[in-house]
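These are the residues of each chain, in order.
2 protein chains.
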Amino acid sequence: MKFTDLLKKRWIEHETLVCVGLDPYPEKFPSNIGRRSEDIFEFNKAIIDATQDLVCAYKPQFAHFAAVAAEDQLKRTIGYIKTKYPEIPVILDSKRGDIGSTAAMYAKEAFEHYQADSVTVNPYMGVDTVKPFTDHANKGTVLLCRTSNPGASELQNLETRDGLKLYEQVAKLAANTWNEHQNIMLVVGATAPDEMANIRKLTGDMPFLVPGIGAQGGDIEAVVAAGKTADGTGLVINSSRAILYASDSSDFADAARAETLKLKVAINAYR
Amino acid sequence: MKFTDLLKKRWIEHETLVCVGLDPYPEKFPSNIGRRSEDIFEFNKAIIDATQDLVCAYKPQFAHFAAVAAEDQLKRTIGYIKTKYPEIPVILDSKRGDIGSTAAMYAKEAFEHYQADSVTVNPYMGVDTVKPFTDHANKGTVLLCRTSNPGASELQNLETRDGLKLYEQVAKLAANTWNEHQNIMLVVGATAPDEMANIRKLTGDMPFLVPGIGAQGGDIEAVVAAGKTADGTGLVINSSRAILYASDSSDFADAARAETLKLKVAINAYR
Numbered sequence: 180m181k182f183t184d185l186l187k188k189r190w191i192e193h194e195t196l197v198c199v200g201l202d203p204y205p206e207k208f209p210s211n212i213g214r215r216s217e218d219i220f221e222f223n224k225a226i227i228d229a230t231q232d233l234v235c236a237y238k239p240q241f242a243h244f245a246a247v248a249a250e251d252q253l254k255r256t257i258g259y260i261k262t263k264y265p266e267i268p269v270i271l272d273s274k275r276g277d278i279g280s281t282a283a284m285y286a287k288e289a290f291e292h293y294q295a296d297s298v299t300v301n302p303y304m305g306v307d308t309v310k311p312f313t314d315h316a317n318k319g320t321v322l323l324c325r326t327s328n329p330g331a332s333e334l335q336n337l338e339t340r341d342g343l344k345l346y347e348q349v350a351k352l353a354a355n356t357w358n359e360h361q362n363i364m365l366v367v368g369a370t371a372p373d374e375m376a377n378i379r380k381l382t383g384d385m386p387f388l389v390p391g392i393g394a395q396g397g398d399i400e401a402v403v404a405a406g407k408t409a410d411g412t413g414l415v416i417n418s419s420r421a422i423l424y425a426s427d428s429s430d431f432a433d434a435a436r437a438e439t440l441k442l443k444v445a446i447n448a449y450r
Numbered sequence: 180m181k182f183t184d185l186l187k188k189r190w191i192e193h194e195t196l197v198c199v200g201l202d203p204y205p206e207k208f209p210s211n212i213g214r215r216s217e218d219i220f221e222f223n224k225a226i227i228d229a230t231q232d233l234v235c236a237y238k239p240q241f242a243h244f245a246a247v248a249a250e251d252q253l254k255r256t257i258g259y260i261k262t263k264y265p266e267i268p269v270i271l272d273s274k275r276g277d278i279g280s281t282a283a284m285y286a287k288e289a290f291e292h293y294q295a296d297s298v299t300v301n302p303y304m305g306v307d308t309v310k311p312f313t314d315h316a317n318k319g320t321v322l323l324c325r326t327s328n329p330g331a332s333e334l335q336n337l338e339t340r341d342g343l344k345l346y347e348q349v350a351k352l353a354a355n356t357w358n359e360h361q362n363i364m365l366v367v368g369a370t371a372p373d374e375m376a377n378i379r380k381l382t383g384d385m386p387f388l389v390p391g392i393g394a395q396g397g398d399i400e401a402v403v404a405a406g407k408t409a410d411g412t413g414l415v416i417n418s419s420r421a422i423l424y425a426s427d428s429s430d431f432a433d434a435a436r437a438e439t440l441k442l443k444v445a446i447n448a449y450r
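First to last, the sequence lines map onto chains A and B.
Following the working numbering, the numbering of the first sequence begins with 180 at its first residue and continues without gaps.
Following the working numbering, the numbering of the second sequence begins with 180 at its first residue and continues without gaps.
Just so you know, not all the hints are guaranteed correct.
Since the list gives no way to pick one copy over another, a pair counts as held whenever it fits inside one copy or between any two copies.
Straight line, CA to CA, 25 Å or less: simulated DMTMM-like cross-link-like pairs of lysine to aspartate or glutamate [what the hints assert, rightly or not]:
(1) Lys207 with Asp228
(2) Lys207 with Asp307
(3) Lys207 with Glu291
(4) Lys310 with Glu206
(5) Lys351 with Glu338
(6) Lys287 with Glu206
(7) Lys287 with Asp251
(8) Lys344 with Asp384
(9) Lys287 with Asp307
(10) Lys261 with Asp314
(11) Lys181 with Glu194
(12) Lys344 with Glu291
(13) Lys254 with Glu217
(14) Lys344 with Asp307
(15) Lys187 with Glu400
(16) Lys287 with Glu359
Keep in mind that the hints were calculated from the coordinates and are not lab data.
With the hints as extra help, turn the sequences into a complete structure.
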């Protein structure tokens, strides 16, 4: 099934816009799991089994695996989701972006080697670096548009000659000329609800991946108001640390479930 | 030794601005090496041994390893250079870029796990995503500024309100507020000599990593004229495929050496 259809099905059938970000920090794992890089898969598996009915997507963050040479744990994590819960879309958050022939290799890495349903991509290099991803018509390409970090506005909010900000130029390209296969979604940070409202106006019903809730300071009510589509969906609202490390004891999976449920309910209250 | 000092020393002592890009395609390897992903290190080693006195840097391209799950071959390749030829700087071309805490993990991946001397980074997300790399004062951060691909101008050449193009905004930030430790260099494509001349004006003696010579159409004379500093250095001119696959027989290392020497001489003729 096409990535965007997987996502829409989850939004509706499970009434959830929550994405759990898999950002493993082995040093934060509870002692019953172990704190080595080889313990990452067991930790992720426990989180996934405890939250699977409450999420619309999972988002493993590549750096957390690569920094400790645990690429095998990433492959096992995605493999587990796609085998046990194939209806849940997986967004590989690796923020790729390179010239065409190299971008094609990154697409192969994400979609074939890791079996992800979609991958985050940086748009700075332009259309020919995005196309090798979007050409995988059934897979999703999640383009950085307006990110959630404090320095995001430095380049992204620069005003261009026709009055649009740089992030609006990206949104316009993503919604129009770049979106031949209707499989692009955008990263729009929860910390920038005004920008999110502008992007929604430019992109119709395009799905947004929304980081920045919680620790980074994003407000749920403002995000839902600014970003939801007419049918009250259109958002994949990510939370990582607040869910994964809700408890540092052996009850961590139950605590993760409770946090995920709390976020689901809080979001749905504003839809 | 600091990355930029390593580079300057090579430029002067070895009279070379050539960087050999290590973009392994196992299917193009000669049959005496083998064509499996496990053969990548042996191929790279032969190329390195044959070209080491002619280069100012090596640039392994991350995707070529990651797409075939050969991260171990990347680690062995860089480890080999840093053990046998420690005076040659290694640029890990992985085009990272993420929020602060994640960028710190990518810095750890590049500088500690892989032992690279510098890493390519995408500036789209702003200063707080660049700083975790530049804070490694002895390491180099190689920011994308004006890339060599056909679609590069789509966003990078957008004109902003104060009359500067987006790539010029990046160059200005890189040369000034972002460059606390004087360890930033810029990616400036050989296919855009006019833009390179503009970037040189904004950045003093900042080193440029220059992809796009050869297959992509960049012209050596135009690049050297547009990009060299007052002392005839300032450029790390990359060539990958034209060197690596100069021959598909058992003489591939000799052929690679001949191509590297040819490029070195051609560049020096215009300095």
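Evaluated hints:
no. : hint               : verdict
1   : Lys207 with Asp228 : within (19 Å within a copy, 43 Å between copies)
2   : Lys207 with Asp307 : between (40 Å within a copy, 24 Å between copies)
3   : Lys207 with Glu291 : between (30 Å within a copy, 21 Å between copies)
4   : Lys310 with Glu206 : between (38 Å within a copy, 24 Å between copies)
5   : Lys351 with Glu338 : both (14 Å within a copy, 16 Å between copies)
6   : Lys287 with Glu206 : between (31 Å within a copy, 16 Å between copies)
7   : Lys287 with Asp251 : both (16 Å within a copy, 18 Å between copies)
8   : Lys344 with Asp384 : within (20 Å within a copy, 31 Å between copies)
9   : Lys287 with Asp307 : within (16 Å within a copy, 30 Å between copies)
10  : Lys261 with Asp314 : within (21 Å within a copy, 39 Å between copies)
11  : Lys181 with Glu194 : within (19 Å within a copy, 54 Å between copies)
12  : Lys344 with Glu291 : neither (35 Å within a copy, 37 Å between copies)
13  : Lys254 with Glu217 : both (12 Å within a copy, 19 Å between copies)
14  : Lys344 with Asp307 : both (22 Å within a copy, 20 Å between copies)
15  : Lys187 with Glu400 : within (21 Å within a copy, 54 Å between copies)
16  : Lys287 with Glu359 : within (20 Å within a copy, 37 Å between copies)
Violated hint: 12 only; the structure is consistent with all others.
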